[in-house]
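My request is simple: use the sequences and hints to build the entire structure.
Heads up: the sequence lines are chains A and B, in that order.
Residues 1 to 268 (our numbering) make up the first sequence, in order.
Residues 269 to 425 (our numbering) make up the second sequence, in order.
Since the hints were made in silico from the structure, they are not lab data.
Warning: the hint list may mix true and false statements.
Here are the simulated DSS-like pairs of lysine-lysine, each with C-alpha atoms no more than 27 Å apart in a straight line [what the hints assert, rightly or not]:
#1 B:K270 to A:K6
#2 B:K276 to A:K6
#3 B:K276 to B:K348
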Amino acid sequence: MPITVKTFATLSEAASALQADRTTRFLAGGTLVMRAINEGDVSFSTVVRATDRAFGEIRPAGARITLGAGVTMAQVMGHGELTFLHPVARAVGGPAIRNMATVGGNLFAPSPYGDFTVALLALDATLAMQGGYSGRETPLEEFLASRERNTSLVASVTFNRPSPDAFRFRKVSRVKPKGISVLSIAAHLPINGGRIAGARVAYGAMASTPMRAKSVERALEGRALDESGIAAAAAAEGTSPPTDALASAWYRREMVAVHLRRLLTGTP
Amino acid sequence: MKTPVQFKHNGSDVAVFVDGGASLLTALRDGVGDTSPKFGCGQGTCGVCTVLIDGEVHLSCITLAETVAGRAVETADGLKSGASLHPIQTAFMENFAAQCGFCTPGMMMAAKALLDRNPAPTRADVVDAISGNICRCTGYEPIINAVLAAAGNRQRA
Chain A
1 MPITVKTFAT LSEAASALQA DRTTRFLAGG TLVMRAINEG DVSFSTVVRA
51 TDRAFGEIRP AGARITLGAG VTMAQVMGHG ELTFLHPVAR AVGGPAIRNM
101 ATVGGNLFAP SPYGDFTVAL LALDATLAMQ GGYSGRETPL EEFLASRERN
151 TSLVASVTFN RPSPDAFRFR KVSRVKPKGI SVLSIAAHLP INGGRIAGAR
201 VAYGAMASTP MRAKSVERAL EGRALDESGI AAAAAAEGTS PPTDALASAW
251 YRREMVAVHL RRLLTGTP
Chain B
269 MKTPVQFKHN GSDVAVFVDG GASLLTALRD GVGDTSPKFG CGQGTCGVCT
319 VLIDGEVHLS CITLAETVAG RAVETADGLK SGASLHPIQT AFMENFAAQC
369 GFCTPGMMMA AKALLDRNPA PTRADVVDAI SGNICRCTGY EPIINAVLAA
419 AGNRQRA
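Have a look at this one:
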C-alpha cells in the first residue's frame, strides 16, 4: 500500500501533522519506520519528516548537553565532547546503521534494541517534546512508561555531562562486534568523599523498555564502590526480561548479576 | 501518487518516479535499473543493499527514496571503470572472496567506505567495517583478506 510522505521545514509543523492523524508515523533515520513499511505494516498510512536543522544538532552548553533527536550514532561517535558516549553509540548496529539510526529513534526501539536509551536513562536525561504540552521537559523514565501511547514528537534529549569515570556502559551480545543485546547496563556513579552519591543504574533487554535498576541504585547509594558495596546489590530485583531468540528470561536474570559485577569492578 | 526524485547515480544524473514510501533500493533496482544492490532482509540487518550516499555507507532498503534528492549515490555497479575492475573487485576475485555472490556488492561498498577514509586499515578495522554485512557461504576470512589485500594494492599503486 503506498504511503503518503509529508515533509516539513519545522518540527512544530511536523508535530502538528503527527498529532492530527493517528495513522501517522514520524520518520527520522528510517531504521524502524522503513523496516515496518517493508514488512507491510498497515497500522500507518502517512509518514511525516522534518528537515529542521536543529533536529540534527549536538549542542553542548557547559555542563548540559543537548542532542537533537535526529542526531545519528555516527555523529555522536564523531563528537569530541561526547567521548563517554562513544562506546554506547558504537554498540548500535554496524557502520551503515550508525550513519542512519538516531538518538530519537532509539527511544522508540522495541526490546531488545534501544541500548543508547539505556545510557540516557542512567544519565537522567529529559526530553523536549514538541506538540501536546509544547516545550515541556519530560523525564525519560516517564516517557518510557507511556511510550506506546505517545503522539508527541521528541525534539531533543538533554542531560548533564558526567564527571570523568563516573559513567560506565556494558553491552552483552553473542556476536561481536555487531550483535543484538542479551542485555545492556549503564551506570552513572558519581563519587563524593569516597562514597557513591546519586547512583543511577539502567538495564536494557531486562523489561519491555529500558528500565532503572532501583534496587541496585539503593544498594549502592552512600557506599564505597568496593566488594561489600557491590555484593549488596540484588541485580535482578524488579526485572521482567523477555524470552526471545537471543536468551531466555531465566538466563537474562542469572546473567545480569555477573555483568553488573563486572561493570562495577571494571572487569573486561 | 508518484514522486519525482533526482540524484547522482554513480556520477550520472538520474531522475525516477517512486511510489510514496518506496525505498532507495526499489528506486535503484526498478527505476534506475541498477540491480547490483540486492534485496535481502528488508530490515537493515543483512547489508546486501549497502550503498554509499555522499560517501557514507547506508542501507538502501531502509532509506526513503526521496531523502536522496540532490545527493550522490554510489553502488557496486559504479566500481568498475570501463573494462577495468576496481582494486576492491580485483582483490575479491584473487582472494576467492565471492562464492554465491549475493553479499558481495554490499561487502564491496562497505569495504569502499572503509578504504576511502582509511587507506591502511588493520584487520580489526576491516572486521568492524563489514560487521553490518552478513555472508552465509563464502565465510568471512577470505572477505577480510580481500579487503586487506585491496588496501595493500592501493598503497602500492
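Would you check the hint for K270 (chain B) and K6 (chain A), treating anything up to 27 Å between C-alpha atoms as holding? holds, 13 Å
Decide if the proposed pair is consistent with the structure: K276 (chain B) and K6 (chain A), CA atoms, cutoff 27 Å inclusive. Holds, because 23 Å separates the two Cα atoms, which is no more than 27 Å.
Check whether the Cα positions of K276 (chain B) and K348 (chain B) lie no farther apart than 27 Å. Holds: K276 (chain B) and K348 (chain B) sit about 17 Å apart, inside 27 Å.
Of the numbered hints given earlier, the model fails none.
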